[in-house]
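Chemist: Chains as they are written, first to last, in the numbering used here: chain A, 1 to 262; chain B, 263 to 584.
Check each hint, because a few of them may be wrong.
[As the list claims (entries may be wrong)] Looking from chain B toward chain A, a few residues come up when the C-beta cut is under 7 angstroms (computed):
1. Ala-445
2. Ala-470
3. Ala-511
4. Leu-522
5. His-528
Just so you know, the hints here were simulated from the structure itself, not pulled from any lab data. Keep in mind that this is a model prediction, so the values were computed, not measured. Every residue, glycine too, gets a C-beta built ideally from N, C-alpha and C.
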Amino acid sequence: MSVILEAVDLHRHYPLPREGIFARRRHVSAVNGVSFALEEGKVLGIVGESGSGKSTLARLLVGLEAPEKGEVRFLGQRISGLGDAALRPVRHQIQMVFQDPFGSLDPRMRVLDSIGEPLDVAEPGLAPEARRERIIGMLERVGLGEGALTRYPHQFSGGQRQRIAIARALITHPKLLIADEPVSALDVSVQAQILNLLLDLKLEFGLSLVFISHDLGIVRYLSDRVIVMQNGKIVEEGETEALFSAPAEAYTRQLIAAMPKL
Amino acid sequence: MLKVTDLSITLGSITALRGLNFAIRPGETLGIVGESGSGKSITALAIMGLLPKVMRASGRIELEGNDLLALDESALCRSRGRRMAMIFQEPMTALNPVMPIGAQIAEGLVLHGIMSRHEAAEEAIRLVGRVGLPDPAARAHSYPHELSGGQRQRAMIAMAIACRPALLIADEPTSALDVTVQAEILALLKEVREETGMAMLFISHDLAVISKLAENTLVLYGGAAMEMGETHALLAAPRHPYTRGLIAAIPSGNAHNTRLNPIRGHVPELAKLPPGCPFHGRCPLGDERCRIERPAPDIAETTAWCHHAGAHAPLAPLGVTS
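From just these sequences and the hints, can you work out the full model?
Modeler: This is the structure we're talking about:
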């Protein structure tokens, strides 16, 4: 198996507000020396509590932010710190889904166009009928009907909007999906549909996935490998079952113990 | 302590809650589990008398023998905060951002005439310590924004239990918190419940969280009761297809590339529910009778509002995938 995504010693810090006009500016390290490699067709789960740096890491991986140090490699090629033009060929192969679907959908765009937009960029020659069919097919896979096509984001519930955002991310069959808490806002019954969808795409199309969540149950279910983060650093990394059945670090044990079980 | 009889809530022609019945004894917790639109939060608001004006509630809500639905606003104000209190998912929206938390905790005690201003301020410090905030005398002067999410929820709990209410309603109190903090808050709620002997109504979308705290569980869907019973029994041998679907949809262990069993379809709009069982459209056992006729409670190990919950009905496998 070849490595699709590689993080090499990533660092990202943010300045804190000045405490006085002559005070030295202090920084908080959001991501502090994170390295990992994701094999093609596999799922990497990243767990951590709020403030652990997992969302900053997601933004670094898709290039929404540039690391101060270190680099992100996609299929062996460096993608961090590249300009827009240089990134364009790989952009549609890497997609992202955020926790808050409101921020990722244009409120003035009908669902048909929101989902169609990335398709138009990736496959400009697609006939209108075929385009429409692809979009309907995708909507059905995320559990929404054809009736959604001509409606606007505000006409949907939070869970439905998240499914639209997921449909938009997956319509071009990206090689890699970075998902930051994609199902946290969804009802349990809908959450299971989305997890199945992600699993199907992994098995059918070899989709590789970085799955970020605070929910250990879901991460354990979906991931091949798991990274546990705390204060911007990787505390523990391992094969999912090994990590959950025999965690080496105290922090991992603490997280697993706190997880409510049925 | 709390007895709810035939509680229905309507919004114009839409029925948001259909004829709910339950009771909670002192020191006991009832968990209400449901997805969005199930009516769980509206039930809480109805008990607190905080329903939006456009909604109409009918039935009876008795707290310590008084029918809350029959009380006028000023009488309701006297029991709200004093006899019943509520904590919410996001404490930041419930706390006053420009008032120190100690003063907010003391406010209710003074308002309900339980203590003098001075006594209340001291009691507030004791409560801040009781809910596990470090250095209570200093913490009481903190403003909500100076606290972390978990600490704010602790402050909310201190405020809610200040007047020693008979009933505490907790609506998704830990859903916004990290797992380790969630575990601490659940433990704290358990402790204060045991200390004060108050009854608790614990609302969550998460069955696992509910099972930590609630002796009894009520499963709501589309504004109607699906199943109710002792939490252990309900989880071990769910009799309603919806409860079984909910449990089957929770990931457990590692997939090793096997799929979950989601409930097919999606949560319907309340206006489009059939006259019979609300779960009809998504239920693997649903038939014409389910669509038309509201199921009567079928009482066995648990109570299930289902035409097919009878012991002789075959339990169809729930492996229906979408």
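Chemist: Hint by hint, which ones does the structure fall short of?
Modeler: The structure conflicts with no hint, since it agrees with every one listed earlier.
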